[in-house]
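Quick note on numbering: this note's numbering labels position 166 of the sequence shown as 169, and the sequence is numbered without any gaps.
Quick caveat, the hints were computed from the structure, so don't treat them as lab data.
Among the hints, a few may not be true.
With a cut-off of at most 25 Å between alpha-carbon atoms, the simulated BS3-like pairs for lysine-lysine come out as follows [to be verified]:
id	residue 1	residue 2
1	138	213
2	224	168
3	216	164
4	224	164
5	103	157
6	224	138
7	103	213
8	485	459
9	401	459
10	168	216
11	257	224
12	257	321
13	459	367
14	213	164
15	157	168
16	103	138
17	165	138
18	401	456
19	224	261
20	224	103
21	138	168
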Amino acid sequence: MTLTKRELCARTVQGTALLLGLPGSQALAQASGTPRATSPLPHRTVERLSAYEMIDRMGTCVHLGYQRGGTDPYDLPNRNGEVELIRALQYLGIHHLRVKGLDDDRAANAASRYLDAPTAYQNVLTIREAIPDLKINFLIAANGPPHWADGSAKDPVVSLKKLAKMGVLSAIEAPNEPNNEPTFSPRGERYEQNVSAYNRVWQDWGAALKALKQSDPVFAKVPLLPPTSAVQGPNRADGVEATYADALLGDYSKFYDKMNIHAYSSRGGVNLADPMGPIENGMPPNFAAYQISITNWGRYAMPGRGVIITESGANTRKSSEPGHFPITEQAQGLVIVNNYFWAVYFGAERLFQYAIADDSTNLKDPDAERWGLYRGDWSAKPGADYVNRFTSVLADDKPSNPAALPSFEVTGKQPETWGATMAFSKSDGSYVIVANNTLSWWDLKTGRDTVPKPEKWTIRLAKESLYRVTDVLTGAVVGPLKGTRIEVPVRGYPMLVHVQPGTGPTRIE
């Protein structure tokens, strides 16, 4: 029997695992000299889901600051509340936000030319009027003294209670990347910025958040998330395993409810549609990082808990820097829409794209960070269009039962590729099959992104149905057509098949 490169890779790591007495994925984190990660790894895949829940699992990071009139796109001088942000969210079809710190402190406007500008909390009220399903993952702002439980307008506890009573609070997250940012304790003491301080950060904020949750029934169903660390792929020297091992973190599941990770590809533009591509080229993994991360990272300090990815994305910054390979806006957009699909497929309970807009309104600054779905002037990048097409097909106003979905079969997928399908139920009785493959759309020789030649997959339905096929890259829509066999050209990004089932059997005989 001839083994493929991937099969040889998998057997190599499985053998290493047996020598160490570990599962294959655990050996990956501990065995030295392993040339590349193995794939597939043990993971829990999600293949059927309510369309409503899928969109709820898609989030974006935003900054609801004051209107200072600076270069930050959230502070544009022509802003009317959060009008640009609202328009962007409505176009994206996303209602789940990760926000760092929300207070109702008008004194913060003292240094602004816009003294009557709304506070961050007032902006939330404006956004909720336009986005009724608004949900907020509240990230504790602790880069300075956090004013924790001091009763002031800056006190995050005050804002958290308001948001919980409004029904918009989806999670409370301990401070962001304490190994990468100055971080203060709930008492206002600054931590040392090193790995050895990690235990204190987890312990102090875990105790404070748990006490808050127990203090008021309004927080009873709000999950608590631990601090994150600024790391790249899981198999690097600066990976999360090394960080947690060096910090000697204990089991903090007594404080926190879910694991919280940041899953970035270390070099954001190389073969990102292929989970093995970055590994085979000596680079940290991207989509393989989701397999590894969601399976393994939770066993460090939070064994057996669900995973929420609070940051993920790609940077279109013009100048090169270590760890972030510049990519085109089209490539960035494909990374983002793929991230949403693969993260949920591999079991993440939510993924927040970082971020909704670039950091600067200066579009010519080559050193400006450009992680956004929107540019600094709030013009849409291609990624915003891809996400819009994805959510437009999935859009639903209430949950539905994915267990009731009719059966279907998929043929044509090549054994050398890592393709997958997910089926999403909708409340009107229709459903959406999303077909995605990991064909590479990045040319390593030219450094340019290319659209790969598609694989032709055939989806066979249980009964004759009306259907439409939507290409998220081009926006092309084929249909409505009627039949039981659907030909889908699958490339390295999601293709959506919206099916309106006819009468007849629900299972393929």
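Given pair status - residue 168, residue 138, alpha carbons within 25 Å: Holds. Residue 138 to residue 168 sits at ~12 Å (cutoff 25 Å).
Hinted pair residue 257 and residue 224, Cα distance within 25 Å: 15 Å, holds
Given pair status - residue 103, residue 224, alpha carbons within 25 Å: Roughly 20 Å between the alpha carbons, so the hint for residue 224 and residue 103 holds.
Agreement of residue 257 and residue 321 with the hint, judged by alpha carbon distance not exceeding 25 Å: 44 Å, violated
Pair hint residue 224 and residue 168, alpha-carbon separation not exceeding 25 Å: 12 Å, holds
25 Å Cα cutoff - pair residue 224, residue 261: 12 Å, holds
Straight-line alpha-carbon gap residue 459 to residue 367, limit 25 Å: 41 Å, violated
Holds or violated: residue 401 to residue 459, with C-alpha atoms at most 25 Å apart: The hint is violated at about 33 Å.
Proposed proximity, residue 138 with residue 224 (alpha carbon, max 25 Å): 14 Å, holds
Holds or violated: residue 165 to residue 138, with C-alpha atoms at most 25 Å apart: 13 Å, holds
Given pair status - residue 157, residue 103, alpha carbons within 25 Å: 13 Å, holds
Satisfaction of hint between residue 164 and residue 224, Cα-Cα up to 25 Å: Holds - the C-alpha atoms of residue 164 and residue 224 are around 13 Å apart, at most 25 Å.
Consistency note: the structure conflicts with the earlier hints numbered 9, 12, 13 and 18.
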